[in-house]
Amino acid sequence: MAEEWPLYRVIGDGANHPDRVEAEVAKRIYAQMVLLRTFDEKTITLQRQGRVGTFPPSIGQEAAEIGSAAALSKDDWMAPSYRDHGALFMHGVPFHHVVLFAMGKGSSIDGEAFVLPSSIPISSHLPHAVGLAMACRRLGEERVAIAYFGDGGTSEGDFHEALNFAGVFKAPVIFFCQNNGWAISVPVSRQTATPTLVQKSQAYGVHGVRVDGNDALACYQVVAEARERALGDGGPTMIEALTYRIGPHTTADDPTRYRPPESLAPWTGDNDPLVRLAQYLVQRGVMTVEEPPAIWAEARQRVNRAVEEALNSPPVRKEAMFDSVYAEVPDALAAQMEDLAEEEAPDARN
Amino acid sequence: MAEEWPLYRVIGDGANHPDRVEAEVAKRIYAQMVLLRTFDEKTITLQRQGRVGTFPPSIGQEAAEIGSAAALSKDDWMAPSYRDHGALFMHGVPFHHVVLFAMGKGSSIDGEAFVLPSSIPISSHLPHAVGLAMACRRLGEERVAIAYFGDGGTSEGDFHEALNFAGVFKAPVIFFCQNNGWAISVPVSRQTATPTLVQKSQAYGVHGVRVDGNDALACYQVVAEARERALGDGGPTMIEALTYRIGPHTTADDPTRYRPPESLAPWTGDNDPLVRLAQYLVQRGVMTVEEPPAIWAEARQRVNRAVEEALNSPPVRKEAMFDSVYAEVPDALAAQMEDLAEEEAPDARN
Amino acid sequence: MPAINMATALNQALGQMMNTEPRLVILGEDVGQNGGVFRVTAGLWETYGAERVMDTPLAESAIVGSAIGMAIGGLRPVAEIQFMGFLYPALNQIFSHLGRLGQRSRGKFRVPLVVRIPYGGGIRAPEQHADSAEAPLVHTAGIKVVVPSTPYDAKGLLVAAIEDPDPVIFLEPIRLYRLGRAEVPADLYRVRIGPARLARTGSDVSLISWGAMTHLALQTAEAMAGDGVSVEVVDLRSLKPMDEAMIAESVRKTGRAVVVHEAPRTAGLGGEVVSVIQEHAFWWLKAPIRRVAAYDVPYPPYAWEDVYLPTPSRVMRAIRQVLQD
Amino acid sequence: MPAINMATALNQALGQMMNTEPRLVILGEDVGQNGGVFRVTAGLWETYGAERVMDTPLAESAIVGSAIGMAIGGLRPVAEIQFMGFLYPALNQIFSHLGRLGQRSRGKFRVPLVVRIPYGGGIRAPEQHADSAEAPLVHTAGIKVVVPSTPYDAKGLLVAAIEDPDPVIFLEPIRLYRLGRAEVPADLYRVRIGPARLARTGSDVSLISWGAMTHLALQTAEAMAGDGVSVEVVDLRSLKPMDEAMIAESVRKTGRAVVVHEAPRTAGLGGEVVSVIQEHAFWWLKAPIRRVAAYDVPYPPYAWEDVYLPTPSRVMRAIRQVLQD
Ligand SMILES: Cc1ncc(C[n+]2csc(CCOP(=O)(O)OP(=O)(O)O)c2C)c(N)n1
Ligand SMILES: Cc1ncc(C[n+]2csc(CCOP(=O)(O)OP(=O)(O)O)c2C)c(N)n1
Ligand SMILES: [Mg+2]
Ligand SMILES: [Mg+2]
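Residue numbers (my numbering), protein chains in the order written: chain A, 3 to 352; chain B, 3 to 352; chain C, 87 to 411; chain D, 87 to 411.
Treat the hints loosely; a few may be bogus.
[Stated by the list, open to error] Computed, partial: chain C to chain D, Cβ under 7 angstroms:
id, residue
1, Asn105
2, Pro108
3, Ala221
4, Ala272
5, Leu274
6, Pro374
7, Pro384
[As the list claims (entries may be wrong)] Below, computed lysine to aspartate or glutamate pairings styled on EDC-like, alpha-carbon distance capped at 20 angstroms:
id, chain 1, residue 1, chain 2, residue 2
8, A, Lys29, A, Asp255
9, C, Lys372, D, Glu308
10, D, Lys194, B, Glu6
11, D, Lys372, C, Asp411
12, A, Lys172, C, Glu137
13, B, Lys172, D, Asp411
14, D, Lys372, D, Glu269
15, C, Lys372, D, Asp411
16, D, Lys372, C, Glu365
17, C, Lys194, A, Asp274
18, C, Lys194, A, Asp77
19, D, Lys194, B, Glu330
No wet-lab data here; the hints were simulated from the structure. Where is the CB? At the ideal position from N, CA and C, for every residue including glycine.
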């Protein structure tokens, strides 16, 4: 079955699809991948210092995160999971809001971006993406919706119901599954008895594509193609991006309990998605060997600036948790706000 | 895709599998199918007379119901849906309890049979069957579990989660899906975008079989084979039995609202599962043309007797609704039983 | 004004709103050509087509979940769940998302979704077709929950629910769909979500109820009037937000209260009503408040239904008790 | 007796029961090699193997649903749901089946299943990892619901839950897993499901709570003792069945009561407790009962957690209020 689903590849030895990514776009993807890696590493440090809460890094998954999101139009709807910080800022969420979110100060979706608040319950946002896509079509808008989720997410009932709905209604939606090998401590081989995840698309009459998730340009291209399919009324696409979670599930997780460090080898070094893309871009002649260090330095600066901005942001107003629960505050809730106001406690902690 | 899943057939023109059903068994299957048809018709009448509540007949599906259940061992676990009265009594539930159940007087599972109470929420019993099967294996028992459900049932999240679990744990379980063309008013073509239901098995590494659901002997054989597979540690099987709901969804349903009477043509007359089996058995020489009338008469007698017994059964004891909610009645519940006892209302109505 | 039953009133509300609000779409199981198992969407598919009246696959989580997406994406979806007991597969969408998206998006997104649910028992339905799970819904922050008990309120509340910028769970007492007719304006009108309805004035005891139990309450009140007991009946109508002021006012007047609901007693919504009374009318109370509810056992097969649900005699006993206390 | 924390006490109960009860199996997400995200099943996979300590696919409905099947099939399953908020996809199994199968099978089948669920807030967890949804569970007929607040009760109640012939939802306050140690017998023992625990005796007011709020209650009681206020603390411990007798007895003594819980106030379990007091101790009440609960908004991101959940100052204010009333 796995043979029926060859990995879509653009860069490196096994390339089986021509590179159709413009040089400018490819470079932007690389820079954003560097930014994401830098952000993750910085946030892990902040977490260790107790300045942000539990954090799920996406180290190792930058190609999938950024490559895929880069192929979207700014108008497309995105329904991300908790790990998709890269996709968030790639899709227009102001960078420092992503940091604020990691600090427990609120939603990940400020700004103008068409991004839902990151979904915490696994796969429960997939039906939202289907509904958004159906709304776009009904309203005659030239937009698609994309949902991000993991390998573990394919086991939930909502995955099934969402893909089946998408198939039946031919919704212009993209299901982007990052198969990073693990759902916390459970390897994908114990998540499902099938050799691939993408083959599940066949249960729904949904187009399926399996892509090298560490090949940023391939990730870009499969999403671009899925968008066109969706906009051309060709229906939904499920993409399985094969990648690897290099780091812990979250900063609260200790992966040495369940996997040997050797398991990282095939996914790091020359196979690190950042290294792969950099080498390829240099080889293709769109980037010089001098550029990456500058890009890294710039990323560090941006991250530090954003972190500083976030750390210096004022404490949250305690009443803000009541804001926008309803369009209009009902009486009983207003009484509770008064009760809160009586609290002598200072504003909520950071 | 449909071509990849040819219909397993034993009787009639398109037969593609040899008949391996013993003559005695085949005759018993026929007699029970007649009993089921007779029961359904009688119960519809009783419903019209206001003597039983809403009733879901399985007219047209007798081959699938009875053929499949006939292949089980009495020790196997059965998790039926609301429509599977035939499978119930075939698996050992005393016939008159099935009638009592239709009369709203209680559970469908009295007697010694290894049958769960019929599941009402669609597909929610599929995980139970998986767990039962896992328990059998863990306890070293030579038993399998079977779950009955419909085409609509394949859209629920629980279908997905159950089949995925079964695949991962290689549970000795059989998923028997009666594709009767309709989920109330929704045709299977709007239930899913796939041409078959059985192909969904591929999403789970579960063995899949598509059977002519109006061929009782084929239904028998595919279940017998699935049992052997399960007991031989070959894992779960999903069976799609292609049949048709000749009657209304329930006695509360009016199918003329959503389907033309002509749609019945391919499934009735010579294609009626009872007619098909009778003709074949006569042709095979295991039944004479004189036998069917006697079998029908005997069925009518049994049904009338059971109905009489059920109608004459005493009214339910009102306290019985408290029975066996817990192994031991908690204090607060005991107080409520006393409150009920104070009620001057007569015992609950029939 | 023509006299119509509740099912027709709801059908009218939907049809008229479909007509005036082009963003309105309906989705659910059998809501299209079949017009819904209770015929509440009858005729809409014929008029507005399958693009706006969508028969969905049999999957409640996706019905509510996709409708959340549609609502955020600019539509005005009205989702139907076929029976209250079949909302349970969708509870993750309700508990995890429906009421949280406003706060979680800091007001950037609102979810103007209506989920219609036939609700409650009393019609000899098959097992698990008669649940009353309002309490868990009312416990859920960020949503609204309403339940009409008259054709007039049914139409007016449904229009208000569809126009509400926030998610509304709309419970429809199955027993009342076709129980009697009442005059209902032919035009569109709104019944505000929040205020309760004083269904009957009285001075000796306050009966507080909602849905089909309001009929039981009124029936009991009528019966007891003959015995010289004056019963006031408050029909909550909006369960969340709840009209605490009217509840308090009524009990301050009567000094005695009985709450009636169809759901099992323990941790049912009756406890909330008791607490509200306690907090706002304690000093006026002349006797402990009583709850009349279904027993704390699973909803039994219908042969038991009449004694499982509150009966007139249990409500009367409770009233006599609070009068004697 | 060694002093251990609640997580260790639970781990001990599971290990010792695995040892004595061969039909016991454990299933859930990450319960195997990883030992559970809170390490409550640590070491069991190593000792008892993957056949008895089963890492499952990420699917809560199938976890609870298959465990129901296992329980009927003769095993003694203990299922773990990773966080309370992730029980929601399994609520259909709980509401539709778990508590109904005894009655629906007329006692032919019992479902001796334990569902363990880390529960509640207070540890700066990510969004939606801190819910307290006990009320809907307690509303469900046919199941039991317990929540320990000490290591001793944790071990004893878990053993009792595993041995119980009926389904038990076992809530584990996340905040208490590692909050302090207490002496716990090394051997197996049981704490009966049902009776509450008188956590502190007092005479002026009864504080009724469960889970992590019991610590808040005790802390507040201690602080107010300095002001000469004598606070009695009842730790419910078993939410269903609930120890109505002890609640009544305490309030009959003190004449005043405050209920504290982490879940949102409206339709929370506080209403049930208020009703129980009302029904059994009305004539002893000197003031309205007060509820201190989370506000009726979705559980906010953790920057707000400290003011969202009941604080010592809110509990004190409520106590002062009932004393003044
Ligand atoms: C419904 C639900 N169940 C459990 C969890 C706890 N949980 C958080 S992440 C995770 C593993 C997810 O794995 P996967 O889908 O592969 O995504 P990844 O974390 O690898 O990106 C689990 C079990 C959850 N968030 N939601
Ligand atoms: C979870 C759930 N949703 C909705 C229903 C209402 N309902 C009862 S039967 C049915 C259609 C089922 O169709 P199918 O699965 O094909 O089985 P069939 O009735 O054809 O045997 C529906 C929607 C239900 N029982 N459970
Ligand atoms: Mg993963
Ligand atoms: Mg069907």
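Any hints this thing doesn't respect? Which numbers, in order? 1, 2, 4, 5, 8, 9, 10, 13, 14 and 17
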